[in-house]
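Protein chains: 2
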Amino acid sequence: MVFDFNAYLAEKTKRIDAELDAILKSTRKPDRLLEAMTYSLMAGGKRFRSVLCVAAAESVGGDLASVLPAACALEMIHTYSLIHDDLPAMDDDDMRRGQPTCHIAFDEATAILAGDALLTLAFQTLSSIETANEQQAAKWLRVIQLVSHAAGYCGMIQGQMLDMDSEGSQLTLDALKTMHRLKTGALIEVSLRCGAELAGANLNQIQMLKSYARQIGLAFQVTDDILNVEGDPAIMGKAAGTDTLRQKSTYPSLLGLAKSKTYARELIENALQALESFDQKAEPLRAIATYIVERRK
Amino acid sequence: MVFDFNAYLAEKTKRIDAELDAILKSTRKPDRLLEAMTYSLMAGGKRFRSVLCVAAAESVGGDLASVLPAACALEMIHTYSLIHDDLPAMDDDDMRRGQPTCHIAFDEATAILAGDALLTLAFQTLSSIETANEQQAAKWLRVIQLVSHAAGYCGMIQGQMLDMDSEGSQLTLDALKTMHRLKTGALIEVSLRCGAELAGANLNQIQMLKSYARQIGLAFQVTDDILNVEGDPAIMGKAAGTDTLRQKSTYPSLLGLAKSKTYARELIENALQALESFDQKAEPLRAIATYIVERRK
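Line by line, the protein sequences are chains C and E.
In terms of our numbering, the first sequence opens at residue 1 and continues consecutively.
In terms of our numbering, the second sequence opens at residue 1 and continues consecutively.
Bound conformation, chain C alone (with noise of 0.2 Å):
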């Protein structure tokens, strides 16, 4: 039986979609920062991270319920950081997920405190199991210190600080893909990582999922820019040709486009080497990988 990737996708992010739902419900009445902080989380993501988190917990035998806190913790931090990136002082972005971004849906100063806000509830979420399992308290501080560090100065935000810094200059492909590495890599290896610890894997797969989640976080970044030259800006819900208009150096500036599509597919190649000694449970993280160098938005 081939795997059905696409009723997968729908089953596993509307179980998070109605996880992330619950949390923001569940917490005290509504205002205009739930309100902005919900506008952005349920915008309609990809819930890229959390799926991987799931799938990368199911290869190794584990199931979403399981690592479900994790996974909506990483949507969170996720859409933080879309925020923040979009604001006026930032990237300036106008356009997100096919809406107004969150600063021009609401405000400047409610969309810093909706990221805060986002921020602050994903290590709420992290930390919302029942401590009295004290074996279950130490496996998700562990969680919690991955994450912290993935999304923090040394990974997720010094990423950003080098994409700004770099606006406007020349980038050899080398420091490319460190700012990559750090940007987006890190949230992704640490979403992997996070649901292979919490169901349990051992070492050896710890490090083949390490593997795959490298060259897939490159892969997906190179695909971004591949879109941002000949994306749909209609399917995609932002705008194309963006990185152009800002001198970004992208992979299809330093490469050109063909060896740029070349790269992304070599890359979802070694992804899928990586996962050789993995059984069928691992299906899910194959399918994933072929995704992402064929998804249109």
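Some hints could be false.
Given that identical chains are not distinguished, each listed pair holds provided it fits within a single copy or across any two copies.
To be verified - The list that follows gives simulated cross-link-like pairs (lysine-lysine, DSSO-like), each with its CA atoms no further than 30 Å apart: (1) Lys25 to Lys139; (2) Lys297 to Lys139; (3) Lys259 to Lys238.
No lab work stands behind these hints, which were simulated from the structure alone.
Knowing the structure of chain C, use the given hints to seat chain E on it.
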């Protein structure tokens, strides 16, 4: 022997500052982002929250070393909130702790990211203990629960949102208290709570410390408002009279200056009463309460 509060404060802040400095320097080579984080975190803050955390631990028989990660994390969260509150889209302040605010000294994007990074680093610090000790892990996970709740959209961030929404409109005294209970009270309360829980306080002690926290948190804010009217900018390191300019509702504007001072003193008396069942180990907490209404900055 009379308890020497100044010597106590100097010793504790020295150790906390040394640890903060060590954390910032431990990770990677400096760049503009780390520079901005260091600039704001090491700008000579009062270390009020971290000292409260330590003093609460000591009041029930604990010590500084065992709560140091929490003390540091609380200062990181407080500093991040100041950096973001000072941004042009928020309170638009140019001076803080006697030096230009982060976005003035660096730029707006760097200030946003430095704030994000300090918030994330707080959770990295709280989760940095050796997870092999599962009992310890459960304790720290509990601290992360408490801190993320207090700092998040049901606590400090909600308070900042209420504060911004209320500018230019007259608040009732009750609404003003609610706003402050969230904006500054929640983090002050959780500072004491963390110290107490990490030091193994019993439920009754936690209850009393909570009461103490509520009273001094409010007293702190009332005094802040009073200082904004009659404080010396040279001593405070920031401008005075800004609340009136912004038409902010404050205790002096609602109660008058004399009644505000009486109110602050009453709050401190209640705080001291809450500590009645504590022995001489609570002397630092008693001295802090008195300091709050007598401080000049």
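Outcome of the hint check:
Proximity of Lys25 to Lys139 under the C-alpha cut-off of 30 Å is found in both arrangements, the shortest distances being 27 Å within a copy and 27 Å between copies. Within a single copy, Lys297 and Lys139 get their C-alpha atoms no closer than 35 Å, and across copies no closer than 43 Å, so neither meets the 30 Å cut-off. Taking the shortest Cα distances, Lys259 and Lys238 sit within 30 Å of each other inside one copy (24 Å), while across copies they are farther apart (56 Å).
Figure legend: structure checked against the earlier numbered hints; the only hint not met is number 2.
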